[in-house]
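Colleague: What follows is each chain in one-letter form.
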Amino acid sequence: MVSRLTNIHSKVIYQGETYYSNVTIESSTTTEVEINYPETTICLVKVKGIINMYDGPIYVHDGIIREIKISPGKDEVIFFIFLDEPVEANIDTIAGIPFRIRINFSRQPMTDFYQNKVLVIDPGHGGTDGGQRGPVNLWERDTAWKTAMELVKVLKDFKAKVVLTREKDENPSWQERINKVPTNTLCFISLHQYHSNDLSQRGTLVLYNELAPGNEKLANQVMESIIGRVKTPSLGVKAEKELSKLGELPALKIKPVTITNWVDEGLLRNPNFYKKIALATSVGIKQFFKMGEIGHE
Amino acid sequence: MNKENITFNKIPIRTHIITDKDNIIDITKKYCEGIAKPGDVIAIAESVVAITQQRAILPEDVHPNKIARFLCRFPGKDGSLATPTAMQLAISEVGLIRIFAGCAAAAFGKIIKKKGLFYIVAGRQLALIDDIAGTMYPYERHIVMGPKNPQKLVQEIKKATKAEVVIVDVNDKKCVDILGITDKKYVKSVKEALRDNPFGNEDEQTPIVILSKSKRKFN
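Chains as they are written, first to last, in our numbering: chain A, 1 to 297; chain B, 1 to 219.
Treat the hints with care, since some could be wrong.
Below, computed lysine-lysine pairings styled on DSSO-like, alpha-carbon distance capped at 27 angstroms [to be verified]:
{"#": "1", "chain 1": "B", "residue 1": "Lys173", "chain 2": "A", "residue 2": "Lys231"}
{"#": "2", "chain 1": "A", "residue 1": "Lys275", "chain 2": "B", "residue 2": "Lys77"}
{"#": "3", "chain 1": "A", "residue 1": "Lys168", "chain 2": "B", "residue 2": "Lys77"}
{"#": "4", "chain 1": "A", "residue 1": "Lys46", "chain 2": "B", "residue 2": "Lys10"}
{"#": "5", "chain 1": "A", "residue 1": "Lys275", "chain 2": "B", "residue 2": "Lys174"}
{"#": "6", "chain 1": "A", "residue 1": "Lys276", "chain 2": "B", "residue 2": "Lys173"}
{"#": "7", "chain 1": "B", "residue 1": "Lys148", "chain 2": "B", "residue 2": "Lys10"}
{"#": "8", "chain 1": "B", "residue 1": "Lys10", "chain 2": "A", "residue 2": "Lys74"}
{"#": "9", "chain 1": "A", "residue 1": "Lys69", "chain 2": "B", "residue 2": "Lys29"}
{"#": "10", "chain 1": "A", "residue 1": "Lys161", "chain 2": "A", "residue 2": "Lys275"}
{"#": "11", "chain 1": "B", "residue 1": "Lys10", "chain 2": "A", "residue 2": "Lys11"}
{"#": "12", "chain 1": "A", "residue 1": "Lys46", "chain 2": "B", "residue 2": "Lys30"}
{"#": "13", "chain 1": "A", "residue 1": "Lys74", "chain 2": "B", "residue 2": "Lys29"}
{"#": "14", "chain 1": "A", "residue 1": "Lys275", "chain 2": "A", "residue 2": "Lys231"}
{"#": "15", "chain 1": "B", "residue 1": "Lys173", "chain 2": "A", "residue 2": "Lys275"}
{"#": "16", "chain 1": "B", "residue 1": "Lys174", "chain 2": "A", "residue 2": "Lys276"}
{"#": "17", "chain 1": "A", "residue 1": "Lys74", "chain 2": "B", "residue 2": "Lys30"}
{"#": "18", "chain 1": "A", "residue 1": "Lys74", "chain 2": "B", "residue 2": "Lys37"}
{"#": "19", "chain 1": "A", "residue 1": "Lys231", "chain 2": "B", "residue 2": "Lys21"}
Worth flagging that the hints you see were computed from the coordinates, not collected in a lab. What you are looking at is a predicted structure, and each value in this text was computed from that prediction instead of being measured.
Put together the whole structure using the sequences plus the hints.
Modeller: The structure is reproduced here in structure tokens:
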């Protein structure tokens, strides 16, 4: 009986005290699979069977896997897994219907980059200062806090050292927030939401510290990573004076959505949205600094 | 009473992003070919059926009146009728009298501490409305209404695929609402099989799940 390939998905999983970027391919019956690496950052998976699923690409962008492309043949389907890091996968199969092929790539390169690095997270507003309010009921203060908590979790999982500029219910001044920045900080990330008097305005904005060399590129990298993942419209990147008080420290003010818009406020109701923003931000920052390392070499 | 106790294997199918240009019968036939057999059940998520029926509506095409703006303040803010546009569409769907009757029932429900009376009185189809940002990209900008004529549609899809068909609303709170099914003897087993939401509620792109019979027991 010919196998029908029915599904493919990718997510970050935690298994045996290790994080993996997982790709799972499903088929209607048991089938044969072959894996090889034509280049260090391309993993090629050949699976016997006929394709029954949509064969369009999958944008993953989780820091290890960039994208998956599918090439269906007559009795075999080839999956091209494009990697950001030269990581070899371990592969296993699970019997049953559907039959599952699990391909796990270690996320160690993310930890290798972030381990012991200091990042400062600044959740905007706080306490009695709610910031901007959405048309239904969400406040910028609370959504910035939720984003910050997800980002703290992601970075701590990568063994980074994280400093928060405020507690949940306080609103320190900008100077007090800056005073909390340790000297060995890699990057300062302030979290807010954009707002507009034009209620139809949607989108993501990333502001950067123009005194820090290459910071516009950092902002672009993070912007690309965020909009690729959550598919919000880009409002571009801009320099912001307030951030230049941090001197030459790489610093961003990230505004994932325009909270005054109905749709964007609606996105903030989904708990997974915050997780996506946090992961995308961590991936964008790592990619910028890794590019810098390659440049130095 | 039917004594058949059926257990299903669940096979989610990754589809393209289904739009109002697609025909749900053709799509189901295409993606289930060679897998779904007579006796299996093809489960289809209600929101994609509604999208193919042009029932995904952009908020800018709706002009909420004062009553809609007023009434949308009362439902839960995480619910489906929290925006004036969604409330306006609800009014257009069932009429103002039923909406007011539903509001009265909801107010009474608050006194006796019973939830859900609004939808029982105003109409079950209102519970199927996905408000802005309630559906995945690129339909997050739309309000998606419930599908029209689901019972008739499942029969048409069965004709094309030869398998049993169900159109369902499933969420991550383990609620399974069957809107149309070709054979009622499957209701209990289908609900049980879909309780863990094999369609997914994120970026899965699997609005069709084939429930393939794994075993039969006769008591």
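Colleague: Hint by hint, note whether the structure agrees.
Modeller: Going through the hints against the structure:
The straight-line distance between the Cα atoms of Lys173 of chain B and Lys231 of chain A is roughly 26 angstroms, inside the 27 angstroms bound, and the hint therefore holds. The hinted pair formed by Lys275 of chain A and Lys77 of chain B meets the criterion: a straight-line CA distance of about 21 angstroms does not exceed 27 angstroms. Only pairs whose Cα atoms come within 27 angstroms are accepted, and Lys168 of chain A paired with Lys77 of chain B is accepted, the gap being roughly 22 angstroms. Among the hinted pairs, Lys46 of chain A with Lys10 of chain B is consistent with the structure: their alpha-carbon atoms are about 24 angstroms apart, no more than 27 angstroms.
Taking the CA atoms of Lys275 of chain A and Lys174 of chain B, the gap is near 22 angstroms; set against the 27 angstroms cutoff, the hint holds. For the given pair, Lys276 of chain A sits about 21 angstroms from Lys173 of chain B by alpha-carbon distance, which is consistent with the 27 angstroms threshold. Proximity of Lys148 of chain B to Lys10 of chain B is assessed by CA-CA distance (about 26 angstroms); at most 27 angstroms being required, the pair is judged to hold. A distance of roughly 26 angstroms separates the Cα atoms of Lys10 of chain B and Lys74 of chain A; the hinted pair therefore holds under the 27 angstroms criterion.
A threshold of 27 angstroms between alpha carbons decides the hint, and for Lys69 of chain A with Lys29 of chain B the separation of about 24 angstroms falls inside it, so the pair holds. The hinted pair formed by Lys161 of chain A and Lys275 of chain A meets the criterion: a straight-line CA distance of about 19 angstroms does not exceed 27 angstroms. With a CA separation close to 20 angstroms, the supplied pair Lys10 of chain B and Lys11 of chain A stays within the 27 angstroms bound. Under the criterion of a C-alpha separation no larger than 27 angstroms, the hint pairing Lys46 of chain A with Lys30 of chain B is consistent with the structure, at around 23 angstroms.
Restraint check: the Cα-Cα separation between Lys74 of chain A and Lys29 of chain B comes to about 20 angstroms, which is no more than 27 angstroms; the hinted pair holds. For the proposed pair Lys275 of chain A and Lys231 of chain A, the alpha carbon gap of about 14 angstroms is at most 27 angstroms, so the pair holds. The hinted pair formed by Lys173 of chain B and Lys275 of chain A meets the criterion: a straight-line CA distance of about 20 angstroms does not exceed 27 angstroms. For the hint linking Lys174 of chain B to Lys276 of chain A, the alpha-carbon distance of about 24 angstroms falls within 27 angstroms, and the restraint holds.
Distance check on the hinted pair: Lys74 of chain A and Lys30 of chain B sit about 17 angstroms apart at the alpha-carbon level, within 27 angstroms; holds. At most 27 angstroms may separate the alpha-carbon atoms for a hinted pair to count; Lys74 of chain A and Lys37 of chain B meet this at roughly 23 angstroms. With a CA separation close to 22 angstroms, the supplied pair Lys231 of chain A and Lys21 of chain B stays within the 27 angstroms bound.
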